[in-house]
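Undergrad: Each chain, written out:
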Amino acid sequence: KAGVTQTPRYLIKTRGQQVTLSCSPISGHRSVSWYQQTPGQGLQFLFEYFSETQRNKGNFPGRFSGRQFSNSRSEMNVSTLELGDSALYLCASSLVPGVYYEQYFGPGTRLTVT
Amino acid sequence: AQTVTQSQPEMSVQEAETVTLSCTYDTSESNYYLFWYKQPPSRQMILVIRQEAYKQQNATENRFSVNFQKAAKSFSLKISDSQLGDTAMYFCALLNTGNQFYFGTGTSLTVIP
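Protein chains in written order, with my numbering: chain A, 33 to 146; chain B, 643 to 755.
Excised from the complex, chain A in its bound form (with noise of 0.2 Å):
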């Protein structure tokens, strides 16, 4: 069974555009969370949806939005670009939304905001 993909996986972009990256789960899970790494906050949660709808959002600008289409893939998008965006963004997904259920991550997509 193919694992979680994210696409692209190296982004380079200038500050005030816009950006979408894109993850799609593992076959048949339908939970996909998205998280932004950085080497001096660690992992910070973005948000969290399930079968088209967002359950959980976290603490981020409204320049962060993400989307989940009815094959489960999800999207993200960050707009007009600041240069604290420069991040890893990894993506992960399970069965369902829930503790018991393990979360499967991908590689992540390196973004880098000049």
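Everything labelled a hint here was simulated from the structure, so no lab data went into it.
Nothing here was measured: the structure is a model prediction, and the numbers come from that model.
Yeah, the Cβ is synthetic: ideal placement off N, Cα and C, and Gly gets one too.
Among the hints, a few may not be true.
Negatives, chain A to chain B, calculated, CB over 12 Å [what the hints assert, rightly or not]:
#1 His61
#2 Glu84
#3 Gly94
#4 Arg99
#5 Phe101
#6 Thr144
#7 Thr146
Covered by chain A, per the in silico footprint, the following chain B stretches (three or more residues, Cβ under 8 Å) [to be verified]:
#8 681-693
#9 739-752
Starting from the structure of chain A, add chain B where the hints point.
TA: For chain B alone, kept in the frame of chain A given last:
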């Protein structure tokens, strides 16, 4: 508010030796779950071990075990018989009843041959 603190940014251990990674947390909830995740240099994060807060017995997974001290809000990870493949960043995480994860800043572990 929930917080997870890993006070050891970097650690090293000789191959075959034992190492303990520290983690403390803060939460006002009575029911929660704790995890250790491993992120090797290839960047794919994987689950190492998990602990339910209502269980007093410490979780173990082969060479990995935890020391869960609920009153002290401490959750350390012990790796026995360290192997070169254990070299990775290790993250401690807390999952609350709202199903939201809180991660520590990580401990970079290097196993020295």
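Undergrad: Now look at each hint and say whether the structure bears it out.
TA: For each hint, the structure was consulted:
no. : hint    : result
1   : His61   : holds, 15 Å
2   : Glu84   : holds, 17 Å
3   : Gly94   : holds, 18 Å
4   : Arg99   : holds, 19 Å
5   : Phe101  : holds, 21 Å
6   : Thr144  : holds, 15 Å
7   : Thr146  : holds, 22 Å
8   : 681-693 : holds (count 7)
9   : 739-752 : holds (count 9)
In the structure shown, no violation is registered for any of the earlier numbered hints.
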